[in-house]
Amino acid sequence: MAMPIDEQELRSRLAETAALAGPPRFTAEDLAANVRRARRRRRRRTGIIAAAAVAVVASAVAIPLTRGGTGQPVMSEPAPPAPGLSYTVTANGQTRSVAATGGPGLFTIKPGQRLAVTVVVRVPGPEPMTALWLGITDGVLSGHANMAPVLAASTRAPLQPGTHRFALHWAAPAGLRPGSSRQLSVQWAWPGPRPGNAEREIAVFAVPLPPRATSPAAVADRLRTMARQGVAICGGGGPAWIRAVRTTFGQATAMVGGGQEITDKATAAVYLVVMKGDFILANGGPVPSCAQAPTGHYFSAIVDAATFTTLEAGLGNRPPSAPLQTLGPVLNLT
Amino acid sequence: MGGKVDDWEQTLADLASGRGAALKRRAFLLCGDEAQADDLVQEALVRAFTRPMRVPRPGAAEAYVRMIMVNLFIDGARRHSRWSRVAPLLRPAGPAPDPADQVSDRDAMLAALRSLSPRQRACVVLRYYEDLPVAKVAAALGVSEGTVKRYLSEAISHMAVQLSAAENG
Numbered sequence: 002m003a004m005p006i007d008e009q010e011l012r013s014r015l016a017e018t019a020a021l022a023g024p025p026r027f028t029a030e031d032l033a034a035n036v037r038r039a040r041r042r043r044r045r046r047t048g049i050i051a052a053a054a055v056a057v058v059a060s061a062v063a064i065p066l067t068r069g070g071t072g073q074p075v076m077s078e079p080a081p082p083a084p085g086l087s088y089t090v091t092a093n094g095q096t097r098s099v100a101a102t103g104g105p106g107l108f109t110i111k112p113g114q115r116l117a118v119t120v121v122v123r124v125p126g127p128e129p130m131t132a133l134w135l136g137i138t139d140g141v142l143s144g145h146a147n148m149a150p151v152l153a154a155s156t157r158a159p160l161q162p163g164t165h166r167f168a169l170h171w172a173a174p175a176g177l178r179p180g181s182s183r184q185l186s187v188q189w190a191w192p193g194p195r196p197g198n199a200e201r202e203i204a205v206f207a208v209p210l211p212p213r214a215t216s217p218a219a220v221a222d223r224l225r226t227m228a229r230q231g232v233a234i235c236g237g238g239g240p241a242w243i244r245a246v247r248t249t250f251g252q253a254t255a256m257v258g259g260g261q262e263i264t265d266k267a268t269a270a271v272y273l274v275v276m277k278g279d280f281i282l283a284n285g286g287p288v289p290s291c292a293q294a295p296t297g298h299y300f301s302a303i304v305d306a307a308t309f310t311t312l313e314a315g316l317g318n319r320p321p322s323a324p325l326q327t328l329g330p331v332l333n334l335t
Numbered sequence: 039m040g041g042k043v044d045d046w047e048q049t050l051a052d053l054a055s056g057r058g059a060a061l062k063r064r065a066f067l068l069c070g071d072e073a074q075a076d077d078l079v080q081e082a083l084v085r086a087f088t089r090p091m092r093v094p095r096p097g098a099a100e101a102y103v104r105m106i107m108v109n110l111f112i113d114g115a116r117r118h119s120r121w122s123r124v125a126p127l128l129r130p131a132g133p134a135p136d137p138a139d140q141v142s143d144r145d146a147m148l149a150a151l152r153s154l155s156p157r158q159r160a161c162v163v164l165r166y167y168e169d170l171p172v173a174k175v176a177a178a179l180g181v182s183e184g185t186v187k188r189y190l191s192e193a194i195s196h197m198a199v200q201l202s203a204a205e206n207g
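Here the protein sequences line up with chains U and E, keeping their order.
Those letters in the first sequence? Residues 2 to 335, per the working numbering, in order.
Those letters in the second sequence? Residues 39 to 207, per the working numbering, in order.
Derived by calculation from the structure, the hints in this document are not laboratory data.
Idealized CB from N, CA, C, for every residue including glycine.
Any given hint might turn out to be false.
[What the hints assert, rightly or not] Which bits of chain E does chain U cover? Going by a derived footprint, with three or more residues having C-beta under 8 Å, they are:
(1) 49-60
(2) 79-88
(3) 152-161
(4) 184-191
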């Protein structure tokens with residue numbers, strides 16, 4: 002028969018157990034570097050999605066995942082530069098060249114479309130690559146194990162310097178919504194005294210938005226919905242007002258802040274949405290209590306005008322630095 | 039974006055240096071593993087600061103990070119199963135054995151915590167380590183107060199059995 006645990010004793014034993022934890026192994030500098038890297042990855046994803054309509058593809062770089070086959074994504078130590086492989090991707094009868102440090106090629110597709118894709122990989126040398134995977138990703142690069150599906154794998158023999166051709170077949174999901182995309186990604190591994198592996202996106206298969214999605218009523222509806230989903234409202238009731246204005250990314254960030262990490266989209270067309278009320282950020286998952294998360298009276302979001310992807314969102318207690326009408330005609334979404 | 043985004047580095051540095059140890063102790067109770075606790079705190083901090091947002095004061099930022107930590111921990115079961123296949127290659131599982139006798143009690147407590155489900159463990163840590171009222175635990179986990187009470191009851195019963203077994207040899 003087990004003895005019941007007294008709550009006070011439980012508190013005391015938990016505190017003792019917690020004290021077993023050693024000092025943190027991370028430093029503020031490491032964390033800041035990881036945040037910057039995560040912001041770059043996020044910027045690249047939003048840039049890629051926006052490309053579906055505006056044909057502006059954010060620059061992409063290979064992301065070293067691990068070194069020597071060990072480590073974890075956020076935790077990994079600075080890895081050596083990844084060998085720069087370049088690619089030629091052909092799909093739908095269109096060909097895109099993808100440089101080692103360039104952005105992925107953009108292809109517009111239809112939901113459910115069956116694609117025959119040819120990828121020519123150029124291994125620069127002098128070292129061969131020990132493995133290479135090609136597969137489909139959904140906005141997140143986290144190793145070939147999370148490609149769905151893996152379309153090709155070269156793991157049995159080293160991939161020697163030179164060109165290698167892969168013929169791939171993939172059926173886009175029938176439920177892929179307009180404005181969304183999937184990516185053809187590659188992960189490759191290299192040998193040597195500092196072995197490692199990296200991955201990147203080399204093509205974006207995007208479903209374009211239909212023309213009716215950009216009618217004024219549809220725009221207002223989308224923006225209203227996005228604003229309401231971006232926050233949780235404290236104390237019941239709704240927002241006092243929701244307003245939006247069409248402008249450029251640069252002007253929007255000048256008015257409400259942010260955007261320091263996204264310098265290549267200053268002239269991109271966006272909607273700046275501002276909502277007033279008592280809010281907390283709803284960052285996905287369970288909605289926290291108002292006492293536990295940052296709160297604010299003004300929620301602002303910068304939304305790509307072509308794809309309605311949220312590029313920036315934030316919460317504060319001050320209104321924008323100038324009236325929205327200084328940027329253009331204001332849409333009242335309340 | 040709704041705040042001084044360029045302050046995020048300072049806020050992050052303040053959190054990491056001033057509250058990093060406390061965050062890690064909390065994560066350690068959740069994970070039961072030193073290395074995983076470090077990873078959990080780092081991942082929560084990185085996620086909290088990746089999206090530009092206003093963090094009005096360090097206390098609120100810490101609360102936000104704590105909330106993310108719990109959500110990451112509960113959502114992390116699938117990730118953990120994936121990485122646990124790699125973990126044996128990286129480092130020995132669990133904390134290094136401590137020769138001091140008094141540590142055995144704490145090891146028993148750690149083992150009892152590890153035997154709980156992630157949600158039960160989160161409830162125990164939030165309720166009895168952080169002294170949050172049941173209503174706030176429920177809000178943090180996105181479940182009803184009744185569910186929290188049930189988790190706590192089951193967890194305490196289970197831990198009592200585990201601790202008794204450890205004490206009896």
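Hint-by-hint comparison with the structure:
Counting residues of the region 49-60 of chain E whose CB lies closer than 8 Å to any CB of chain U gives 6, which reaches the minimum of 3, so the coverage claim holds. Counting residues of the region 79-88 of chain E whose C-beta sits closer than 8 Å to any C-beta of chain U gives 8, which meets the bar of three, so the coverage hint holds. Chain U is given as covering the region 152-161 of chain E, and this is violated because 0 residues of the stretch bring a CB closer than 8 Å to a CB of that chain, at least three being needed. Given a C-beta distance limit of less than 8 Å, the hint that chain U covers the region 184-191 of chain E is violated, as 0 residues qualify and 3 are needed.
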